[in-house]
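2 protein chains.
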Amino acid sequence: MFRNCRQSLRLFHTSRIVRAQKSLTPLTSDKITNIKRSDKFKQLEHSDIDYFQTILTTNNVIHDGEANPEISSLTPYNTDFFNLHRGSSKLCLFPTETTQISKILKYCNEKKLAVVPQGGNTGVSGGQNPMFDEIIVNTSKMNKIRSFDPISGVAVADAGVVLENLDNYLAPLGYTVPLDLGAKGSCQIGGNVSTNAGGLRLMRFGNLHGNVLGLEVVLPDGTILDNLSTLRKDNTGYDLKQLFIGAEGTLGLVTGVSLLTPRKPKAVNIAMLALDSFDAVQKAFVMAKEDLSEILSAFEFWDRESMELVKRVMLQDSPYPIEAKSSFYALLETQGSRQEHDQEKIDAYLTRLMETDVAHDGVMAQDAKQTNALWQWRERIPEAIVKSGTAMTYDVAMDVQLLYKMVEDVKQHYGERGLLDTTYTNVIGFGHVGDGNLHIMANIPDHDRKAQKDMDSYVYDWAIKHNGSITAEHGIGVAKVNYMTRCKTEAQIHLMQTLKKAIDPNGIMNPYKAVPGTL
Amino acid sequence: MFRNCRQSLRLFHTSRIVRAQKSLTPLTSDKITNIKRSDKFKQLEHSDIDYFQTILTTNNVIHDGEANPEISSLTPYNTDFFNLHRGSSKLCLFPTETTQISKILKYCNEKKLAVVPQGGNTGVSGGQNPMFDEIIVNTSKMNKIRSFDPISGVAVADAGVVLENLDNYLAPLGYTVPLDLGAKGSCQIGGNVSTNAGGLRLMRFGNLHGNVLGLEVVLPDGTILDNLSTLRKDNTGYDLKQLFIGAEGTLGLVTGVSLLTPRKPKAVNIAMLALDSFDAVQKAFVMAKEDLSEILSAFEFWDRESMELVKRVMLQDSPYPIEAKSSFYALLETQGSRQEHDQEKIDAYLTRLMETDVAHDGVMAQDAKQTNALWQWRERIPEAIVKSGTAMTYDVAMDVQLLYKMVEDVKQHYGERGLLDTTYTNVIGFGHVGDGNLHIMANIPDHDRKAQKDMDSYVYDWAIKHNGSITAEHGIGVAKVNYMTRCKTEAQIHLMQTLKKAIDPNGIMNPYKAVPGTL
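Chain order of the listed sequences is A and B. 1 is the number of the first residue of the first sequence in the numbering used here; add one for each residue after it. 1 is the number of the first residue of the second sequence in the numbering used here; add one for each residue after it.
Think of the hints as simulated: they come from the structure by calculation, not from any bench. Bear in mind that the values here come from a model prediction, so they are computed numbers and not experimental data. We put the CB at the ideal spot given by N, CA and C, even for glycine. Check each hint, because a few of them may be wrong.
No more than 27 Å apart at the CA atoms, straight line, and that leaves these computed lysine-lysine pairs for BS3-like [what the hints assert, rightly or not]:
| id | chain 1 | residue 1 | chain 2 | residue 2 |
| --- | --- | --- | --- | --- |
| 1 | A | Lys387 | A | Lys311 |
| 2 | A | Lys501 | B | Lys106 |
| 3 | B | Lys264 | A | Lys283 |
| 4 | A | Lys266 | B | Lys289 |
| 5 | B | Lys90 | B | Lys112 |
Reference listing, derived: stretches of chain B covered by chain A, where coverage requires no fewer than 3 residues with Cβ under 8 Å from a Cβ of chain A [to be verified]:
| id | segment |
| --- | --- |
| 6 | 283-292 |
| 7 | 359-365 |
| 8 | 492-503 |
Could you put the whole structure together from the sequences, leaning on the hints where they help?
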């Protein structure tokens, strides 16, 4: 039976950063030992810091030569949210204007100082953290919304605007952002663009290659590329902005974003389903595409292990929204313009789900508070794994039919070796069914490098073998750069290298990342 | 009052090529005199033709040294559909496989023979026609649909598959193509991708940068770049396919396309509105976005002059679907999953339009035949102008509020000079309101170069002055390449040149086009 969601569920802030692990992760350079610091790059000198202090005010230049990361003021920038990657930069700059970034990069390019761009530092592939001693250029203090046109729905914002802040700005104007992710309270729009972030509503609104209308980018030599078009259609020459979407800051530093935003929906509904098998998850998804069609805006799934982990670690005080102990859960969202039409479609869909025995239990949110509460069971999964110890996180894409097979195979593989629930604990699977995108996560003993390497190999090899992608929406960063030659052809790698060398001949922009063999 | 469309309207084939003009357009090289044939490129020799005949069967190599274009078998390939551009190639190749194109380009790159890729030859900017004697590589004989996955909706097709054929293939499987344009019966999916074609449903499904999942491209040196991913999400390194979408064949030759196709809608409705002013067109559009929201799939407009021209030249035997002689007409389409819901939304919208006096007359199609018939009044406008004489066609984008102001200003400008209805006849405006995309067209005396140049200047300057685009969906080709430095910054042009030189160092791919200063 479908029940309404009547419990008073706690509302959580989605973006709180959790750091429950006992110790900092080892230096990335100690983990990925085949990548060496390039001696093309100069070491930072006092004269360099003096120069940056002529561009930025003193409080926007953090220089810390402290070797002990436990007390270094740069540790929050050297390390990522998941505590998976750590560099040893001695300098973090906080520009407030594009012209400052232009001067910084021009100087770094001339002096051969390597740079790593950083936004909200929520990425999980280490793309935003230094590999060695690269200078961090953090966009957090470039956080103005430059303009919004309520007729076209086009917003132009500084790279450092936090996604949720942009959404909050748009809401009273009747618009919303076309992407939504768990990190929305911390991640920045410039970082979203540089990562080509996907998130929860990609199936409805498409990816950033379609929604970004223009970018302002500072090129490696300091040139400001003003490509901030607000036109929906513009075929004048090459579509330059596309180069920088998903390039992880290796071709330039995104400083401004022009984004097409959709209208805020008049009616939003969400339902959580309890399902007995991944086959049932797929059936429920196909039926949702048939019955809900143009109003379907998200279809997420997770397994029982995810559900129990979130309850245990994050939502101890909240009752389960669905009592039954199911193997799988799904959360679907609709966005439409007429509540009564949407409700009729949803009712017909849910009735069909029950009559065909595809789902055996479910709950629908009755108000915004319950909507937010239900979302928590999905959105807080990554935090739950981080809070539980050293986290392994993967982000793979493949045919929907294969999506959960990977989790089963991982469990079987380590089960046969006696490593499941000993070395590899909390092995969970969840993700975006609509996009064929699985997140598989696990905990391992504190910074156990061998366990990390072994699981990396197993998961990436599995994905490549099944014609999947080793990174669906999180980027290559430094975490997966060693696997690029295994999942891309020689021609693809060569063309990527050609682009990198043409646009960043000195290789100063986020070196060692995304594309191998560019130094 | 809204009436149902009961007349039995004639159904037309949308893609018939009309060539009613008396004479062939002059050679492009005689019109755009500042562009000279580069002596970097070798002249075609018999040994070259001999080589191509070792790769292709004899009937797939058309060589014609005939100087008189009236009898040359290559004229259909040297000249475009609109009879606006004409080159003087002596050789057209029709490869049937990607490996043949690889061999052709490898040879041309080594011998410094310039190449122009060509699909359905429906482009209007001359991008697909030779400027001088470039070898034409036509993809018409690469026309297989390679695969289709009915679960994900991903279709993989040869570049030469005609858009309408792909749509007809998908229809019985419950899917449709995400782009639709008047030329659908002739244009090819590879050409659509290379032009970044927009069309009638971009406002609903977004552009090809979002819908293309992967491409197979032969690079200028003959390397086959197999980038034909069928994954909806894949962030492994740079998104290489984006380079070639809208690059007009200047960076490589697209040979295969992986396309995400949406479900065929269960309910399609269209209505034609009669409106008294462009202000009313905009109001009707904003109200449509409010009331029809997620089901709105197209919102097109045209002026009375367009309507009368189509009646006079193309649809003489068809009664006007709306009797009133209005200043403007709009055609809106909805695509949804429940006819009764869509009908309710449309009824509410049309009632509001009438009650607020925004529209004064309208008609709704009652079946597929009437739907097709109503579309004809919009889709046949370009053919009508071609059939009426030497055609001027423009494709500009700007703020919706300014869209028709350009047509008024053109008329006023030439009216004040006594040239309206004498030199410049049939000045009409129509386009895609939802995308801020106007097509302004006119007829001029037979190949009157002075009139052409003058109108080019006026229209492009107007668009640039109003922060618009001089080409919204048709590309730069050769027609607008001289205007690139006026609408793009030095940094933008420089980056485009950098890309061109890095990927096509010999400049053999579609030279003289899209980006200036690359030879």
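**OP:** Go through the numbered hints given earlier and state which of them the structure violates, listing their numbers in rising order.
**Re:** 7
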